[in-house]
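Make the full structure from the sequences, and use the hints.
Chains as they are written, first to last, in the numbering used here: chain A, 1 to 221; chain B, 1001 to 1224; chain C, 2001 to 2260.
Mixed in with the good hints there might be a few duds.
Dumping the calculated SDA-like pairs for lysine to any residue here, alpha-carbon to alpha-carbon at most 20 Å [unchecked claim]: (1) C:K2122 with B:R1136; (2) A:K179 with B:P1080; (3) C:K2029 with C:P2004; (4) A:K179 with B:K1131; (5) B:K1145 with C:H2107; (6) B:K1131 with B:P1141; (7) C:K2029 with C:L2198; (8) B:K1131 with C:L2198; (9) A:K179 with B:L1079; (10) A:K161 with B:R1064; (11) B:K1118 with C:L2198.
Everything labelled a hint here was simulated from the structure, so no lab data went into it. Fair warning: this is a prediction, and the values are worked out from it, not measured in the lab.
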Amino acid sequence: MTYRWDFTPLLDNWQALAMGAVGTVRLFAVCLVLGLGFGLIVALARRSRWRLARWVSIGFIEFFRNTPVLVQILWFYFALPMLVPVEITPFTAAIFGISLNSAAYSAEIYRAGIQSIEPGQWEAARAIGMSGLQTLRRIVLPQALRRVLPALTNRGIEIFKMTTLASVVAYIELLHQGKLIASLNFNPLEVYTVIGALFFLFLYPLVRATYALERRLARSD
Amino acid sequence: MYRWDFTPIWAHGDLLLAGLGNTLVLTAVALAGGLPVGLALALARLSGNRLMAAPAGLVIEVFRTTPPLVQLFWFYFGLPIILNVEMTPYLAAALTFTIQSGAFFAEIFRAGIVSVDKGQSESARAIGMSKAQAMRRIILPQAVKRMFPAMMERSIELMKTTTLVATVSYADLLYQANELAQKTFRPLEVFTAAALLYFVTITLVSALGALVERRMAQSGEMTR
Amino acid sequence: MDTPLLRLAGLDKRFGDRAVFSGVDLDVKRGDRIAIIGASGSGKSTLLRCINFLERPDAGRVILNGEPVGAERQRSGGTETRYDEGSLNRLRQRVGMVFQQFNLFPHMTALGNVMEGLVTVKRMARAPAGERAMAELARVGLADKAEAYPAHLSGGQKQRVAIARALAMEPEILLFDEPTSALDPALVGEVLDTIQALAAEGRTMILVTHEIGFAYHMATRVLFLAEGGIYEQGTPDEVLKAPRRPLTQAFIAGHRRFSF
Ligand SMILES: Nc1ncnc2c1ncn2[C@@H]1O[C@H](COP(=O)(O)OP(=O)(O)OP(=O)(O)O)[C@@H](O)[C@H]1O
Ligand SMILES: [Mg+2]
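What follows is the structure, given as structure tokens:
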């Protein structure tokens, strides 16, 4: 019953963990930029004048929100190479899956933000002669982005958690390295406790910051 | 040009459907466990009693903040070492997703409960109701209606997250798809079919949820 | 000497380090109708809410029918009063309250609102509880609205349902906290008439109000709150027509446009 915890194998393998951490951060950074960036484009297409653009964007959002991200990653890893004659690395597959999934989610966030801006803002900008695009860029988006900042931060936190799924296609990140260490040293309890703790220690301050941000925005509105 | 061929998948369609069945079972179990766990955690966190609020808060924050796959591995590979018991993929998955969805539900319950106007609990207390009676008869019924969309959304997230159990060999839809892909050498068709199955199931569930929501809004005399 | 129905003895209430009132003493006899007036923020609501313990007084006792609420305990720094939930819930059944914002339960019909306390608190069976509740609704003139949800009632109707809900518990005292302040002027009359009818039945009530004219006609005694306590009290004629102290005089002068 009294299991003796032993963290020495983990300390001995700190370099492997560090390598995993680098992989995690690298994947996170790429997916954050691509996911949130592409999401904005999808959101704008969603309210475009052209029906085709609207339909494509709705289809994209619905499909990527209504399928599991792990299925998406595995599809890009195992299925896509059958269609296109290029090699898909675990890194690429993970980027595709996580970024597109996050784009679909963030598109809905941007949309809610843009919709929350009162029509009077559009009218006032148009009344002083601004074009639609100018109004969007100078008046509506700055206010909308401010309002959805907490939701976007949350998305970022979700992306960070999602990077662990890349271990399923053997991309070298924290969890993958953990699995390796656990299988060599037969110490899964210590390994997964430490990995979980690392994620918690890194993400929890961000979670708290998001709460604080939400409160601040709620007050100032 | 790749020649699509779905015949091997039709031949093993029962495998995928059995996997989908297991996905639904696991989701239902985690939902049935997660809702009461979530309510208990929320009430503990709101209790004003530090000895209850602090541990509840810790469980909620840890399970919301750490990656679900790490949680699953911890329960599947790590927990049996402490408890000295056999762990099955099903048990590990049911435990992980019950507590994890409980943590998310707890925050939904909490937000719903605090969103109910303070005058409601005051007037319940003013006619002599106990705290528990006021919660059960007055506050929760109003909160639940408001929480329904968030609950629905979280349940769908839960269903999608259950795909992680494929990594510990629980025979859910994704696991079966992976097996089938290896057996038939047709990963494109198999994973596409699996993705479509998920898409159809999840779209149906959300449509159903939206329908219920609209019914509730129509019959809901509570919109002031 | 009769024991008063309700006695407040040395009541103190603070929020943080800000004292709302201190040392408030008050005797309420059966059949008394007390109007509490005072400037905004003078502590009228807080005093009322201390009577049924929606706010806990920091010191002093509430004594109902000669029985002090809560139990006194000796502590190193003096005595301390402990209140257990059960006894507060019993107290609240005997003290009815009507709120400024009505606070009807929006997920229940008018009848459901009035029955709720009978069924869950008094543990009455549904059938007799329904009959009692219907009688209370009839008393406030809303028998025909029994099946309506609060969202479909006017403000005045809501407040009358709230009064019926309080009456159903057969309270010995009724507390009203500005029952007409949230109403359109056109709807004030029906609620005041309902309260007037209760007064005519000889019910004991404490009413916080800004309707000076109504207070004058309805009350047997008027309290003016200021400077952290009861600043002046007496009959309506004394306090409202011929106030003796400067703050009361200023307050009443501000309300002169109301005719008595
Ligand atoms: N829950 C609370 N926390 C902190 N301060 C409070 C609280 N409730 C009331 N107060 C303060 O106590 C004082 C008395 O408030 P109270 O509501 O009793 O006044 P009132 O006489 O009823 O005023 P009004 O006529 O505006 O209803 C005010 O200064 C108010 O800001
Ligand atoms: Mg008040």
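Right, here's what the structure says about each hint:
1. C:K2122 with B:R1136: holds, 16 Å
2. A:K179 with B:P1080: Since the Cα atoms of A:K179 and B:P1080 sit roughly 16 Å apart, the hinted pair holds (cutoff 20 Å).
3. C:K2029 with C:P2004: Holds - the C-alpha atoms of C:P2004 and C:K2029 are around 5 Å apart, at most 20 Å.
4. A:K179 with B:K1131: violated, 48 Å
5. B:K1145 with C:H2107: Roughly 10 Å separates the two Cα atoms, so the pair holds.
6. B:K1131 with B:P1141: Answer holds: B:K1131 to B:P1141 is near 14 Å, not above 20 Å.
7. C:K2029 with C:L2198: holds, 16 Å
8. B:K1131 with C:L2198: violated, 30 Å
9. A:K179 with B:L1079: holds, 15 Å
10. A:K161 with B:R1064: Since the Cα atoms of A:K161 and B:R1064 sit roughly 10 Å apart, the hinted pair holds (cutoff 20 Å).
11. B:K1118 with C:L2198: Cα-Cα ~28 Å, so violated.
Checked against the numbered hints above, the structure breaks hints 4, 8, 11 and satisfies the rest.
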